[in-house]
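Enquirer: Residues per chain are reported as follows:
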Amino acid sequence: DAGVTQSPTHLIKTRGQQVTLRCSPKSGHDTVSWYQQALGQGPQFIFQYYEEEERQRGNFPDRFSGHQFPNYSSELNVNALLLGDSALYLCASSPPSGRAGGDEQFFGPGTRLTVL
Amino acid sequence: QKEVEQDPGPLSVPEGAIVSLNCTYSNSAFQYFMWYRQYSRKGPELLMYTYSSGNKEDGRFTAQVDKSSKYISLFIRDSQPSDSATYLCAPGDSSYKLIFGSGTRLLVRP
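For the record, the sequence lines run as chains H and F. This note's numbering puts the first residue of the first sequence at 1, with every later residue one more than the last. This note's numbering puts the first residue of the second sequence at 1, with every later residue one more than the last.
Just so you know, the hints here were simulated from the structure itself, not pulled from any lab data. Watch out, some of these pointers could steer you wrong.
To be verified - So the derived label-pair ranges between C-beta atoms look like this:
#	chain 1	residue 1	chain 2	residue 2	range
1	F	D66	H	Q56	24 to 32 Å
2	H	N79	F	P14	43 to 51 Å
3	H	L82	F	I18	39 to 47 Å
4	H	P8	F	K67	38 to 46 Å
5	H	S97	F	S82	14 to 22 Å
6	H	T14	F	G59	40 to 48 Å
7	H	G16	F	R77	47 to 55 Å
8	H	D62	F	G59	23 to 31 Å
Unchecked claim - So these bits of chain F aren't anywhere near chain H, every CB distance computed over 10 Å:
#	residue
9	V13
10	E15
11	T24
12	E45
13	L46
14	R60
15	T62
16	K67
17	S68
18	K70
19	P81
20	R109
The structure presented is a predicted model; accordingly, all values stated were derived computationally and were not measured. The beta-carbon is built from N, C-alpha and C at its ideal position, and this holds for glycine as well.
Please work from the sequences and hints to get the whole structure.
Expert: Below is the structure:
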């Protein structure tokens with residue numbers, strides 16, 4: 001059973017450019033969350049997608065946007081890249097559950113983005 | 001004050017030792033608590049998930065939650081060099097997002 005997969009593994013961009021990162025959830029999972037992890041820090045929540053809509057958003061500017069497809073896979077888009085956007089971007093998927101807000105989140109290996 | 005606080009370490013122990021990793025939080029709305037292990041340059045791996053105060057055991061790992069003092073612990077018995085990693089606590093509330101601590105780096109010496 002494949003876990004959460006992310007592509008690409010590494011990416012180098014320059015300031016002002018735009019980037020798209022991709023995520024496929026674990027089989028049977030329907031919810032996808034995105035996190036940003038700076039070096040030496042814990043992951044920070046960007047947003048969560050469920051039923052193809054953004055269900056919850058963290059404290060990130062509108063330059064960060066996303067999408068979820070009918071097959072539950074997801075994309076994270078970042079526009080007008082800044083040097084401070086350099087980080088490990090993590091995708092996590094969760095199984096269907098009746099528990100309000102509280103489901104296990106399983107992470108992928110991440111995409112390391114470097115902005116020059 | 002950060003919502004979730006962890007001692008960054010590094011915590012260095014000999015192989016076979018019992019390891020205690022701790023986390024404090026300030027938000028009383030947190031209902032569920034996860035512990036993740038993260039190896040260098042990899043994604044976090046879910047170790048434990050608890051939804052109430054008390055203890056939960058899984059193999060060599062025991063998670064302990066004390067909601068009254070807002071204190072979370074992870075114990076590792078018979079620690080192995082392969083346990084050397086960063087351990088992240090991540091409580092959550094009904095808002096679907098996890099709030100991570102900055103992690104504690106653990107080094108188990110052979």
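Enquirer: Give a verdict on every hint.
Expert: Cross-check of the supplied hints:
| no. | hint | in the structure |
| --- | --- | --- |
| 1 | D66/F / Q56/H: 24 to 32 Å | holds, 27 Å |
| 2 | N79/H / P14/F: 43 to 51 Å | holds, 50 Å |
| 3 | L82/H / I18/F: 39 to 47 Å | holds, 44 Å |
| 4 | P8/H / K67/F: 38 to 46 Å | holds, 41 Å |
| 5 | S97/H / S82/F: 14 to 22 Å | violated, 31 Å |
| 6 | T14/H / G59/F: 40 to 48 Å | holds, 46 Å |
| 7 | G16/H / R77/F: 47 to 55 Å | holds, 51 Å |
| 8 | D62/H / G59/F: 23 to 31 Å | violated, 44 Å |
| 9 | V13 | holds, 21 Å |
| 10 | E15 | holds, 26 Å |
| 11 | T24 | holds, 14 Å |
| 12 | E45 | violated, 7 Å |
| 13 | L46 | violated, 6 Å |
| 14 | R60 | holds, 20 Å |
| 15 | T62 | holds, 18 Å |
| 16 | K67 | holds, 14 Å |
| 17 | S68 | holds, 19 Å |
| 18 | K70 | holds, 17 Å |
| 19 | P81 | holds, 22 Å |
| 20 | R109 | holds, 22 Å |
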